[in-house]
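> Given next are the chains, with one letter for each unit.
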Amino acid sequence: MNITVNINGKRCSHDVEPRLLLVHYLREVVGLTGSHVGCETSLCGACTVALNGKAVKSCTMFAVQADGASIVTVEGLATDGKLHPMQEAFWNEHGLQCGFCTPGMIMASKQILDRNPKPTEEEIRHGLEGNVCRCTGYQHIVNAVKAAAAGAAK
Amino acid sequence: MASTMTQTETLVGKRVRRCEDPRLITGTATYVEDIQMPGMHYAVIVRSPHAAALIRSINVKQAKVAPGVVAVFTGKDTERVGQVPCGASLPGLRVPHHHVLATDRVYFVGHPVAVVVATDRYLARDASDLVEVDYDVLPAVADPEKAQVQGAPAVHPEWPDNIAFTFHQEGGEVDKAFAEADVVVKQRITSQRLIPMAMETRGVVAEWRGADRQLNLYTSTQIPHLVRTLVAQMLGLEENRMRVVTPEVGGGFGSKLNVYAEEALMGFVAMKINKPVKWIESRRENFLCTIHGRGHVDYYELAAKRDGTILGIKLKIIQDLGAYHQLLTPVIPTLSVLMMPGLYRTRNVRADIVGVFTNCMPTDAYRGAGRPEATHGIERMVDILAGELKMDPAEIRLKNFIGNDEFPYQTGTGLLYDSGNYAAPLKKALDNVGYVKLRQEQAEARKQGKWMGIGISTYGEICAIGPSPATPAGGWESATVKIEPTGKVTVMTGACPHGQGEETTFAQITADELGVGIDDVLVIRGDTAIVQYGIGTFGSRATAIGGTALYYALQDLKAKIKKFGAMLLESDDVTFSSGQVICDRTGKSKSLPEIAAASYRALKLPANTEPGLLSTRFWEPPNFTFPFGAHIVVSDIDGETGQIKIRRYVAVDDCGNIINPLLVDGQVHGGVAQGLGQALWEQAVYDEHGQLVTGELMDYAVPRAHMMPWIETDHTTTPSPVNPLGVKGVGEAGTIGCSPAVVNSVVDALSRLGVRHIDMPLTPEKIWKLIARGKLK
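In the order they appear, the protein sequences are chains A and B. Note that the working numbering gives residue 123 to position 108 of the first sequence, counting from 1, and the numbers run on in steps of one. Note that the working numbering gives residue 1250 to position 67 of the second sequence, counting from 1, and the numbers run on in steps of one.
No wet-lab data here; the hints were simulated from the structure. Errors might be hidden in some of the hints.
When the alpha-carbon atoms are kept at most 27 Å apart in a straight line, the in silico BS3-like pairs for lysine-lysine are as follows [what the hints assert, rightly or not]:
| no. | chain 1 | residue 1 | chain 2 | residue 2 |
| --- | --- | --- | --- | --- |
| 1 | A | LYS161 | B | LYS1197 |
| 2 | B | LYS1952 | B | LYS1573 |
| 3 | B | LYS1828 | B | LYS1787 |
| 4 | B | LYS1488 | B | LYS1582 |
| 5 | B | LYS1665 | B | LYS1771 |
| 6 | B | LYS1359 | B | LYS1573 |
| 7 | B | LYS1828 | A | LYS133 |
| 8 | B | LYS1197 | A | LYS97 |
| 9 | A | LYS97 | A | LYS25 |
| 10 | B | LYS1671 | A | LYS97 |
| 11 | B | LYS1582 | B | LYS1359 |
| 12 | B | LYS1369 | B | LYS1499 |
| 13 | B | LYS1958 | B | LYS1828 |
| 14 | B | LYS1828 | A | LYS161 |
| 15 | B | LYS1671 | B | LYS1741 |
Please work from the sequences and hints to get the whole structure.
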C-alpha cells in the first residue's frame, strides 16, 4: 500500500506492506533510528513518537494507519542545530544513562508539558507511567521535566 | 552550563554534564539494531516451548522453501561450534555440555533449537513457525529445593542429584562462638530470581569477509575483548581475525557480562551464508534467554552475646543455577560468602553453598551479583537479633561495626577491607532522616493503630573487581592516551561503559591532568580493532581500575611533555601546569599543541626520547575496594489493602572520592530503583513445569516513575588507599543498600503482630494477609 506521511516536517511517500509496524517504517524505511523497540507490546515506551500532536507507541501501530498523519520523532525536535528545551533539560539534569529509553522518554515528557505547562511532581510521574527507564530511577528525569517547565515559564 | 572549560578550572569533583549525551538525546546514537549493511539478512531463533524434552526430530523442509529464506540451521549443523563457555573453576564443578543449538535434548523453556535466516525480518519470523520439532516431553524441575529431593527429575541425566557443586568456606572459631553465645537466631531468607531487563535487548550483527578471513561481530556486551577471545575459539577462528565492536549499549546490569550462544551462532551463520546477518532478541526472548539474577534460598544462624555483640555467622546457600553455567554462574554465590560478615567485626564465619541445576534459564551476574543477597541476609539477621534482644537497630549496628582504627581489616572470609568509617554514614543518615523524632512519631502512630515502619541497612560491598588472582580472566584494566600532533587528546579505555558515563569522567580526569578543555578529549571504547585489550565494565571496576590505568598513562605523558618543553625552552627548570610547560627562570612557556607538534615533527629530540606522545598502561590493582553506606526507609502501610508507601528514602553512600557527583547520584538512584524493584515488585516465576509465568513486561513489575519515592542522597568520603584516585565505585551500592532497608522497615511496621521476617517481593497480598491474620489472633 502507498502511504504519505509528514515526518519531522518532510513529506514522505512509500509503498509498504500492510503489516509493517510504524516503528519499523520509521527506522528502516525512512532511516530514523532514534525511536527504539524495547518491548514490542507498547509497555516500555521507547518507541514513543508524536502522531498528529499526540504521543503514541509506534511499535503497536501499523505504518498504514499513519497514512496522512503528521509525525514528529526525537530527530525532529532540534531546530536549526538548536536542541529542544526538553533535550537540553535531559542533558543538564542527567536524565539519561544508557540512553535507550531516552528518545521515547523525551517525547513523552514533551507531551506532559504540551498538555500542562506547570505539572506537579506527581503529575509528571503519572505522565511518565507508560515509559520504562531501567537506569535512572526516574529522579533525574523528573528533574529534567521540572527544569524544562521552569525554563518555559520564564 | 558550557561543557568547554578554561584550562585552569579543574573538573574532577564537579557536576559536569555528560559528553556522551548529545547523540543520545537527539536519537542519533548507534545501537546494534541501528546497524544496516548492504545485503544484510535477518535471523530468528526457534526455541523450545518445553523445559525438558527429548528432540525426536526436526523438520525444516517447509521453512527452507518459505519466501525469503536462505538457510535454516539446527544443532546437527552447529555440532562443531565450540561450547558456550563457563569461566568458573570451582573444585569438582560439574559443567554440562552447552551447545549453541540443542542437539538431542532441551533443558529449559527458550532453549535455542534452530535458526532461520531470511532476507527480511518479517519473512524470517514467518518461516520460523514452519520449523517442526517433535518433542518427547519429560518431567522438569524448577525449584532448587525440590530439585534436591530424592526422585526429583534430573536436569542432566548424568547427574541425578542435580547438584553442580558444593563449596565450603570457614574462618575463625565458629563452633566455639556458637557454644559461647547467649542467643542464637535463625532464619530462612530468600532472594528471588530476577530479570535484569536492560532496556535494549541483546543483539548481534555478524559480517564475514571471506577473502580476508575476517569476522566482524557487533554485539551489545559489557566485555568486547573477552567476547572476541572466547567466540573466536568457539568458531575456530584466529583471534586477530575477529573484530568485536560494541556500539551504544542500552544497559547491561551484568546481563551483558557474558558470552551467549547467539554471539557465536551469528558468527557461524554469517560465515555459512557469506552475508551479514542480524539477530535482535525480542523482549520475550530477553526474559527467557538472557541470564537471570539472584535465585537464593539462604539459611542463616547468628550467634550473639546478650549485649548485642555478634559472635559468629553460619550460612547455607542454595543457589538456583538454572540448566547450564553461563560465564560466571557458579561464581556468583561465592561472592555472597565473601561479603557475608557485612560491616561487622566477627571473624567466625562458616558458609556452605549447594549449587543446584534446575530446568530454568541460568542465573549469573545481575547488579551486585552475590553482594545484594549477602547484604540482604546479614542486614535482616541483625534486625532479627535486635528484635530478639529488644535493642535499637541503629545501636546494635554501631556496636558491631569494625572500628576506624582497625583498617585495613582482615575479614573471616579472606578479604582485606581497604578503608572505612562505618559509623559516619549511619550517623549522617540517622540525622538526615530525623531518627529520634521519627521513633517518637512511630510510637504515636502505633497507638492510633497505624502501620509505620523505619528500616535501616548498613552495607558494604566489593568493588573494583578485581585483582587478577580473584578473577577468571584477569582483573586489571588498560588505557591508552594519545596526544595528537594538534594537542587534542584521545583516550582509549579497555573498560566498556554502557550508561555509567566514563566518556565524561575519564575526560574530566584527563582534562585536569593535562590542563586541557574537556572538549579537547575524546574517549573511545568498545572496538577491539581500535582499543588495546581490556577486560570491560562490571563490578564497579571501570573508574577504580580503568581510571587508574588512565591516570598512570597520563603521568607518563606529562613526564614526556615536560622533557619536550624543557628542550624547546632550553632550560631544565620547567614546570608543567595548566597545559603549558613554563620555564621557572624566564617565565617563557610552550603550549601543549606546540609541544605535541614538535614531538611528532621530531626535528630535534630530548636525550633518550622517542618521537610522539602516546602511552599505554595496564594496571593491576593490589586489592578490591570496599565502599559502604547506610540507607534508611520510612514506610507507611495501608492496613486495609497491604499497600506499602515509602514516605522517606535516605541514602548516605561512601564511594571514596567522587569524580562527578551528578553521575554518582544517578548511579545511586538507578541502583535503588533496582533494589526497590526486588524488595517490592519483581520476581521471575517459573511454574512446576518450568514455564516462565512472568515472561513479559505485562507480568513482571519493573519500577515505573510513579512507583518510585524521592531518594534523598548524601555522602561521606573515605578515600580508598588502593588506587591513586582514591575512588571506590558506586555502580551497585544503591541496589545493595536498598532491599534490606525496605524489608526491615516493613517488618518493623508489622513487628507488633509478631512478624520478624517477610520474603521479597513484599506484595500487597502478602502484607494484607499478615495483617489480617495478625488481627484474628
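> Check the structure against each numbered hint from earlier and tell me which ones fail, lowest number first.
3
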